[in-house]
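Student: Guided by the hints, dock chain C onto chain L, whose structure is given.
2 protein chains.
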Amino acid sequence: MIDVSLVREAIKQRKARSESFLGFEYLRFSDDYKDIPRGTAVFQDTIIWGYPHIGRIFMLEKGLKEHFKNPFWVEEKVDGYNVRIFKVRDRVIALSRGGYLCPFTTDRVGDFIDLKFFEENPDLILCAEVAGPDNPYIEESPPFIREDIKFFVFDVMKKNQQTFLKQEEKLSLLERYSLPGVEVFGRFTSGDTEKLKELLLKLNKEKREGVVFKEDSEENRRAKYITSYANLNDIKVTTKNMLQLPPEYYTNRILRLVLFMEEEGINRTEHLYEELGRAFIDGLFDAIEQFKKEHKVYRTFRCKFRNKDNAVALMELLHRTSKHIQVIERELKQEGEFWVLTFDKVFLNMTGLLGHLLSGGLVFD
Amino acid sequence: MIDVSLVREAIKQRKARSESFLGFEYLRFSDDYKDIPRGTAVFQDTIIWGYPHIGRIFMLEKGLKEHFKNPFWVEEKVDGYNVRIFKVRDRVIALSRGGYLCPFTTDRVGDFIDLKFFEENPDLILCAEVAGPDNPYIEESPPFIREDIKFFVFDVMKKNQQTFLKQEEKLSLLERYSLPGVEVFGRFTSGDTEKLKELLLKLNKEKREGVVFKEDSEENRRAKYITSYANLNDIKVTTKNMLQLPPEYYTNRILRLVLFMEEEGINRTEHLYEELGRAFIDGLFDAIEQFKKEHKVYRTFRCKFRNKDNAVALMELLHRTSKHIQVIERELKQEGEFWVLTFDKVFLNMTGLLGHLLSGGLVFD
Chain L
1 MIDVSLVREA
11 IKQRKARSES
21 FLGFEYLRFS
31 DDYKDIPRGT
41 AVFQDTIIWG
51 YPHIGRIFML
61 EKGLKEHFKN
71 PFWVEEKVDG
81 YNVRIFKVRD
91 RVIALSRGGY
101 LCPFTTDRVG
111 DFIDLKFFEE
121 NPDLILCAEV
131 AGPDNPYIEE
141 SPPFIREDIK
151 FFVFDVMKKN
161 QQTFLKQEEK
171 LSLLERYSLP
181 GVEVFGRFTS
191 GDTEKLKELL
201 LKLNKEKREG
211 VVFKEDSEEN
221 RRAKYITSYA
231 NLNDIKVTTK
241 NMLQLPPEYY
251 TNRILRLVLF
261 MEEEGINRTE
271 HLYEELGRAF
281 IDGLFDAIEQ
291 FKKEHKVYRT
301 FRCKFRNKDN
311 AVALMELLHR
321 TSKHIQVIER
331 ELKQEGEFWV
341 LTFDKVFLNM
351 TGLLGHLLSG
361 GLVFD
Chain C
1 MIDVSLVREA
11 IKQRKARSES
21 FLGFEYLRFS
31 DDYKDIPRGT
41 AVFQDTIIWG
51 YPHIGRIFML
61 EKGLKEHFKN
71 PFWVEEKVDG
81 YNVRIFKVRD
91 RVIALSRGGY
101 LCPFTTDRVG
111 DFIDLKFFEE
121 NPDLILCAEV
131 AGPDNPYIEE
141 SPPFIREDIK
151 FFVFDVMKKN
161 QQTFLKQEEK
171 LSLLERYSLP
181 GVEVFGRFTS
191 GDTEKLKELL
201 LKLNKEKREG
211 VVFKEDSEEN
221 RRAKYITSYA
231 NLNDIKVTTK
241 NMLQLPPEYY
251 TNRILRLVLF
261 MEEEGINRTE
271 HLYEELGRAF
281 IDGLFDAIEQ
291 FKKEHKVYRT
301 FRCKFRNKDN
311 AVALMELLHR
321 TSKHIQVIER
331 ELKQEGEFWV
341 LTFDKVFLNM
351 TGLLGHLLSG
361 GLVFD
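Residue numbers (my numbering), protein chains in the order written: chain L, 1 to 365; chain C, 1 to 365.
It is possible that part of the hints are untrue.
[To be verified] Okay, derived cross-link-like pairs now, DSS-like style, lysine-lysine, Cα gap no bigger than 27 Å in a straight line:
no.: 1; chain 1: C; residue 1: Lys195; chain 2: L; residue 2: Lys62
no.: 2; chain 1: C; residue 1: Lys308; chain 2: C; residue 2: Lys236
no.: 3; chain 1: C; residue 1: Lys65; chain 2: L; residue 2: Lys292
no.: 4; chain 1: L; residue 1: Lys62; chain 2: C; residue 2: Lys296
no.: 5; chain 1: L; residue 1: Lys166; chain 2: L; residue 2: Lys195
no.: 6; chain 1: C; residue 1: Lys150; chain 2: C; residue 2: Lys308
no.: 7; chain 1: C; residue 1: Lys293; chain 2: L; residue 2: Lys197
no.: 8; chain 1: L; residue 1: Lys195; chain 2: L; residue 2: Lys205
no.: 9; chain 1: C; residue 1: Lys65; chain 2: L; residue 2: Lys296
no.: 10; chain 1: C; residue 1: Lys150; chain 2: L; residue 2: Lys65
no.: 11; chain 1: L; residue 1: Lys224; chain 2: C; residue 2: Lys292
no.: 12; chain 1: C; residue 1: Lys195; chain 2: C; residue 2: Lys166
no.: 13; chain 1: C; residue 1: Lys292; chain 2: L; residue 2: Lys197
no.: 14; chain 1: L; residue 1: Lys292; chain 2: C; residue 2: Lys195
no.: 15; chain 1: L; residue 1: Lys65; chain 2: C; residue 2: Lys293
no.: 16; chain 1: C; residue 1: Lys62; chain 2: L; residue 2: Lys296
no.: 17; chain 1: C; residue 1: Lys62; chain 2: C; residue 2: Lys224
no.: 18; chain 1: L; residue 1: Lys166; chain 2: L; residue 2: Lys205
no.: 19; chain 1: L; residue 1: Lys236; chain 2: L; residue 2: Lys293
no.: 20; chain 1: L; residue 1: Lys293; chain 2: C; residue 2: Lys12
no.: 21; chain 1: L; residue 1: Lys87; chain 2: L; residue 2: Lys116
no.: 22; chain 1: L; residue 1: Lys292; chain 2: C; residue 2: Lys69
no.: 23; chain 1: C; residue 1: Lys15; chain 2: C; residue 2: Lys159
no.: 24; chain 1: C; residue 1: Lys224; chain 2: C; residue 2: Lys34
no.: 25; chain 1: L; residue 1: Lys236; chain 2: C; residue 2: Lys236
no.: 26; chain 1: C; residue 1: Lys150; chain 2: C; residue 2: Lys116
no.: 27; chain 1: L; residue 1: Lys292; chain 2: C; residue 2: Lys308
no.: 28; chain 1: L; residue 1: Lys166; chain 2: L; residue 2: Lys15
Just so you know, these hints were derived from the structure itself, not from any lab.
So that you can see chain L by itself, here it is in the shape it has in the complex (with noise of 0.2 Å):
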């Protein structure tokens, strides 16, 4: 349980914050506060705990050998948006990683999710990434998910506790209610890296975004690796809205992909330059054409729902929790059994740059 004293120290300083939307009335803890995770949300007696953050390794090798004295389980990393699905009163409901209720991903669950799982496990939490072309939040989508979404289930926890049920457990939950859970590529040592190493080369190769490793013991320790093509791509699809993202966002993935090639015996070929300077300025010159069509820098987004009521929730949530982003609503309409939403995000501070600069502005830096 977290301490009532605690709760309120939390909210007076604004790190936690009563919310009330579809019909909940929640505690969200927006920030870290100690040993309490982003994320963490308290309805009535059950405590949702924020999804812990995995550190990163950069090498692969020394990073194995450095952390993980046993076994560790090696999962896929979907590149999408992470959720905790759980059922409250008689509802299934979706939380985002920073603890909002999503009426998108939960109006969709029970389209991907057997929710038979939840009646039989009340007390149960799945945590998925959901990813896709169609998804209201994230501006990339794993290349092999053509169109809508898909929910890759990869841990399981229990309401009021913040650690995970074991991988056996998880798998067969996983097979018993056939959810769709993210890719298992084993159980590995760190001894074998040249295995992991050729693992990651294919992963490269198929666009796809790295792994996740879970050691398989008691303390569980976890850790997350990235292909080059994960650095390259996040580069690509956000230099549009390049002013949003801290600056340190680029120069990470820039390391991160050099130290991936490095250690990979990837060569530098032009091909490769090109591929990142390419990532950087198409998605530049993509911004000052727009802007000088449309005079606002944008991107549009498009996702389905089976209640229209939730699409007008997303909306109300979007208009709510977006910084610097202009939302707005370009058509809500029926399609067979969806309502389709489609919506722009209008990128405010590229856009006033632009505005600024290319009128002539002067720019003191």
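Tutor: Relative to the frame of chain L, chain C by itself:
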């Protein structure tokens, strides 16, 4: 004059401090404070005003129309470090942009500037760029300077005054004393953008940094404009020490590069993509290789002095003022008429991060 109470307040707020170096005592403004620019120095009753910030335009045509109602001079902007040179008591000394008394520039000024200028004009200050491969401060050097350094005078100020001499007065002084000046491309109006675009394309091909515009009017408005070559080169030269600079350093330059290409009609070629990618990747590979061999990331600097004491004083200044950089002397030896100083700047942030990452360390981001 600067009011005494203002000075007291600036000292209290740590925007100004007294300096004692090379036998001089003076007050140095280490930051902008109210209307007093950073680098302003007060020697007894003489104020040497800091060199003012010059705003940058990103779009030539629109920028010139926006800022210059009158004709303006166009001068080369040389890629070096900015100094102010003047006489105090019986000595000619040089202050850096930040207001430090520079033992290196002070030592060498007589090799490039006819000191009779200061005898006959004790109230004047020469503002110059010092550039070349053998300088102790910056890692880049215009490719047209093959060795040592050169001085490029671009402005003349009067002591105690914040304004500049008029262009004609400046040019006649440069001529009379045969002082080395920056190249003056002529007097233009904002209607001359086609000519200026051609000039900038030419400078870009010649690997020169850019130009400064100086309005031929009482207001003497100014602006600068940089070539894409210089933006690329800034990235290339500094990636080895990527963590030292604010990450906006990189995102700003990429944006400027793209806007330069856009306006100059430079096509996006594979070669250009490749150059940007290479600028980032090669410096980081160098840093990694150097770290693996020598357990530190550093760059070696070399510069030569007339007077050995000045070399010792420079080392003292660098030790005292370098942040996140360890300065290590390698050698100080006589070569003909000169004392040649060689020293390393060890980039502690990059050294620390690579040490952590290459040994398999975790990063939470």
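Student: Take the hints in turn and mark each one as holding or not.
Tutor: Against the structure, the hints come out as follows:
This hinted pair does not check out: C/Lys195 and L/Lys62 have alpha carbons roughly 57 Å apart, beyond 27 Å. Restraint check for C/Lys308 and C/Lys236: not satisfied, since their Cα atoms lie roughly 33 Å apart, outside the 27 Å limit. For a cut-off of 27 Å, the pair hint linking C/Lys65 to L/Lys292 stands: about 18 Å separates their Cα positions. Using a Cα cut-off of 27 Å, the hinted pair L/Lys62 and C/Lys296 holds, with the two alpha carbons roughly 19 Å apart.
A threshold of 27 Å between alpha carbons decides the hint, and for L/Lys166 with L/Lys195 the separation of about 24 Å falls inside it, so the pair holds. For the hint pairing C/Lys150 with C/Lys308, the CA-to-CA distance comes to about 20 Å; that is within 27 Å, so the pair holds. Between the alpha carbons of C/Lys293 and L/Lys197 the distance comes to roughly 24 Å, so the proposed pair stays at or under 27 Å and holds. A threshold of 27 Å between alpha carbons decides the hint, and for L/Lys195 with L/Lys205 the separation of about 16 Å falls inside it, so the pair holds.
Simply put, C/Lys65 and L/Lys296 have alpha-carbon atoms about 23 Å apart, close enough for the 27 Å limit, and the pair holds. Distance check on the hinted pair: C/Lys150 and L/Lys65 sit about 53 Å apart at the alpha-carbon level, beyond 27 Å; violated. Between L/Lys224 and C/Lys292 the alpha-carbon distance is near 24 Å, which keeps this suggested pair within the 27 Å criterion. Under the criterion of a C-alpha separation no larger than 27 Å, the hint pairing C/Lys195 with C/Lys166 is consistent with the structure, at around 24 Å.
With a CA separation close to 20 Å, the supplied pair C/Lys292 and L/Lys197 stays within the 27 Å bound. Distance restraint check for L/Lys292 and C/Lys195: the Cα-Cα separation of roughly 24 Å lies within the 27 Å cut-off, and the hinted pair is therefore satisfied. Note on L/Lys65 and C/Lys293: the hinted pairing holds, with a Cα-Cα distance of about 22 Å set against a maximum of 27 Å. A threshold of 27 Å between alpha carbons decides the hint, and for C/Lys62 with L/Lys296 the separation of about 19 Å falls inside it, so the pair holds.
Note on C/Lys62 and C/Lys224: the hinted pairing holds, with a Cα-Cα distance of about 13 Å set against a maximum of 27 Å. This hinted pair does not check out: L/Lys166 and L/Lys205 have alpha carbons roughly 31 Å apart, beyond 27 Å. Proposed proximity of L/Lys236 and L/Lys293 is supported: the alpha carbons are some 22 Å apart, at most 27 Å. Distance check on the hinted pair: L/Lys293 and C/Lys12 sit about 51 Å apart at the alpha-carbon level, beyond 27 Å; violated.
This hinted pair checks out: L/Lys87 and L/Lys116 have alpha carbons roughly 11 Å apart, not beyond 27 Å. In summary, the hint linking L/Lys292 to C/Lys69 is supported, as the alpha carbons are separated by about 25 Å, within the 27 Å threshold. Of the pairs offered as hints, the one joining C/Lys15 and C/Lys159 holds, with about 21 Å between alpha carbons and a cut-off of 27 Å not exceeded. At roughly 23 Å between alpha-carbon atoms, C/Lys224 and C/Lys34 fall within 27 Å of each other, so this suggested pair holds.
Using a Cα cut-off of 27 Å, the hinted pair L/Lys236 and C/Lys236 holds, with the two alpha carbons roughly 20 Å apart. Restraint check for C/Lys150 and C/Lys116: satisfied, since their Cα atoms lie roughly 19 Å apart, inside the 27 Å limit. About 58 Å separates the Cα atoms of L/Lys292 and C/Lys308, which puts this hinted pair outside 27 Å; it is violated. Taken as a hint, the L/Lys166 and L/Lys15 pair is broken in the structure, with Cα atoms around 31 Å apart against an allowance of 27 Å.
Checked against the numbered hints given earlier, the structure breaks hints 1, 2, 10, 18, 20, 27, 28 and satisfies all the rest.
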